[in-house]
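Here is what each chain is made of, one letter per residue.
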Amino acid sequence: MHYDLHKPQPPSDDKRWKLVGATMRRCGGDGRALIETLHTVQDSFGYLDLEALEYVAIALRVPLSTVYGVATFYHHFSLRPPGKHTCVVCTGTACHIKGAGELLTRIEAEFGVKAGETRDDGELSILEARCIGACGLAPIAVFDDEVAGKLDTSEALSRIHGMVDDES
Amino acid sequence: MNHDELLEMAETAQAQNDAYDHTIRVCTAAGCLSSGSQAVKYALEQEVQKRGNEHRCRVSGAGCMGLCAGGPLVKIDHDVVYRDVRVHHSASIVGELGGEPIRELRIDPDEPFFERQHPVVLQNCGTIDPERLEDYLAAGGYRALWSAVHERSPAEIIDEVNRSGLRGRGGAGYPVGLKWTTVAKARGAEKCVICNADEGDPGAFMDRSVLEGDPHRVLEGMALAGYAVGASQGYIYVRVEYPLAVERLQKAIKIARRANFLGHRVCGTEFSFHIELRLGAGAFVCGEETALMASVEGRRGSPRPRPPYPAQSGLWGKPTLVNNVETLANVPWIVENGSEAFAEIGTNKSKGTKVFALAGRVRNTGLIEVPMGTTLREIIFDIGGGIPDGKEFKAVQTGGPSGGCIPAEHLDTPVDYESLRALGSIMGSGGMIVMDETSSMVEVARYFMDFCKSESCGKCVPCRVGTVQIHDLLQAILDGKAPSDTRERLERYATLLRDASLCGLGQSAPNPVMSTLKFFAEEYDALLGSAHGAVAEGGDA
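Protein chains in written order, with the working numbering: chain B, 1 to 168; chain L, 1001 to 1541.
Among the hints, a few may not be true.
Stated by the list, open to error - Sample of chain L residues with no beta-carbon within 10 Å of chain B, all distances over it, derived: (1) ASP1004; (2) THR1023; (3) ASP1201; (4) LEU1358; (5) PRO1407; (6) PRO1483.
As the list claims (entries may be wrong) - Keeping only pairs whose Cα atoms sit at most 30 Å apart, straight-line, the calculated DSSO-like set for lysine-lysine is: (7) B:LYS150 <-> L:LYS1453; (8) L:LYS1050 <-> B:LYS150; (9) B:LYS150 <-> L:LYS1391; (10) B:LYS18 <-> L:LYS1251.
Worth flagging that the hints you see were computed from the coordinates, not collected in a lab.
Note that the coordinates shown come from a computational prediction; the quantities given were computed from them, not determined experimentally.
Beta carbons are placed, not taken as given, at the ideal position from N, Cα and C, and that holds for glycine.
Whole structure, please, built from the sequences with the hints as guidance.
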């Protein structure tokens, strides 16, 4: 792809790139803005694709290798699109002590997808969280954007079935 | 703005609050939100409206009330707290206002969980609406900042903090006054203050609760720090995993700027102080101050050797003060009430209080604040209510992946920096996980090493390789495939990791292993013994 280095154009005229541009300007428009910019791209588009990384690199005048380095260093950034539904299982210490490990194994087995991956049909992503910070209610999982605490396995499985099987 | 105007604002806010006969506060911190407190709040609002009481009764959100295990929590006026409130309770709660509290829902006011605590940092948490500046002002907020910038010199503020004996609440316990003095003395036209809100310890949610429940307090602490050390720019590095904290901070910064507690010419003086948010992106190592600064600068969170310390050359080479959320939240209280009052709380060397996130196998999980020097037994058995389901206490883990596991025979240890370190653990930021007989300590050690392995930034070899080696050995023990010299190798690698790593992550990563090896040797022996038996039988030694 060709870019005008003096006036880099976003990969498309999608309006969400305006948000990205605003973040770049707010944070100084150079390498200082890199992490904040990647946050905005991921918030707006759901993940970071190569095209986005290239654009960010050129717009902020940072080597693409650095952008890639930062995007892969931090757990929060994802280079692949998320599934239509997500289930995040907290594996923090309190949840671990209360059986989050077994919970995760059961979910992986039931839905045929490993933690950190998305099912082939793109319907469901299973993710691990280091700690959600609601340890008083361990074990915890987040189903789409809904946090549920004091979970038992059957409740968790039926909630995911509810999300995934709804439309099919 | 002059002092009278500030007082007037506070008084108007107080009068507004007093105009209501009753205030119903619903905990809308992360724990209770997950238990459905938003729906309860809505139901209570509807109920108040239905009865036409909205001018006499106010329903508001509030920060963490502490007892997360009993969520959703609802506080009526100042003294009655209800637990496990559901939507269908709203009619009776509103109906009984001013009458006898509902016995089935009410938490006994003499319950040691509340009675044994000593709120300083959490003073306003759960009693004010975190989204309203007026509430914070009515509770005496920003008075410390106002008096500092108008009536006291930066040196006096540093002196006050110095004399209070406040030590860093992020883990290491470095004297705060000393750090401030170093930054104040450092040469540099521009200086920065960073608030470390990258609470990465799994099993810790103290900072989250403070940020969500009382965000202005943290801003005020930062502004005071900025005034004292001569900084005009502040950054809050907050975890992106805490969306509610981020939202409340953004709101609070905007409101505080409008009211001139932040921004140009704070409170009408020559002092200017700006605060920006920077979102962490999920890297435990960014809790280390040099890695954190790299991340604020937009780079990978790799630590660098110190010196130079951030106080001399930090963010973009400027002298930088890095303090954690809880540390900064203590500052307004100290400036307002004086260092003597603060130094009266706690022990000889550890002053003040400490907030802990109590979780795991304990009855009253939640957020607590106790004077330093409280014993582990008091925290777990009195405040925490002991171990549920008739199980035996086995160990308590403090300090997260950098801390250690403390067994039953040391339950009478007072909680302070030195005593915990003597046991091979650390105070850490305040995560406290209780374990009962069902937990295998070798498995717990493996869990933490797995965490450190995946969080190691990879810059220095001892940490990058050492964490993997130790993890694999622990896994082998659990799988019954450990080689015969496992124990010696574990100890050798752990020492190497501790002594040769670049930053705190690697240096403290062996703590969970070392402490379990020391206190729970029999569990290692049992697993190793059976493994070697099995290997010997297989004829492969």
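Consistency of the hints with the structure:
For ASP1004 of chain L, the condition that its CB be more than 10 Å from all CB atoms of chain B holds, with the nearest at approximately 37 Å. With a closest Cβ-Cβ approach of about 24 Å to chain B, THR1023 of chain L is found to remain outside the 10 Å limit, as its non-interface label requires. Not every Cβ of chain B is farther than 10 Å from the Cβ of ASP1201 of chain L; the closest lies at roughly 7 Å, contradicting the non-interface assignment. With a minimum CB-CB distance of about 8 Å to chain B, LEU1358 of chain L fails to clear the 10 Å threshold, and the non-interface call is violated.
Here PRO1407 of chain L stays apart from chain B, with its beta-carbon at least about 16 Å from theirs, past the 10 Å limit. Chain B leaves PRO1483 of chain L outside its interface by the beta-carbon criterion, the shortest separation being 25 Å against a cut-off of 10 Å. The suggested pairing of LYS150 of chain B with LYS1453 of chain L holds, with an alpha-carbon distance near 28 Å, which does not exceed 30 Å. For the proposed pair LYS1050 of chain L and LYS150 of chain B, the alpha carbon gap of about 33 Å is over 30 Å, so the pair is violated.
Proposed proximity of LYS150 of chain B and LYS1391 of chain L is supported: the alpha carbons are some 19 Å apart, at most 30 Å. A C-alpha spacing of about 22 Å is found between LYS18 of chain B and LYS1251 of chain L, which places the hinted pair at or below 30 Å, so the restraint holds.
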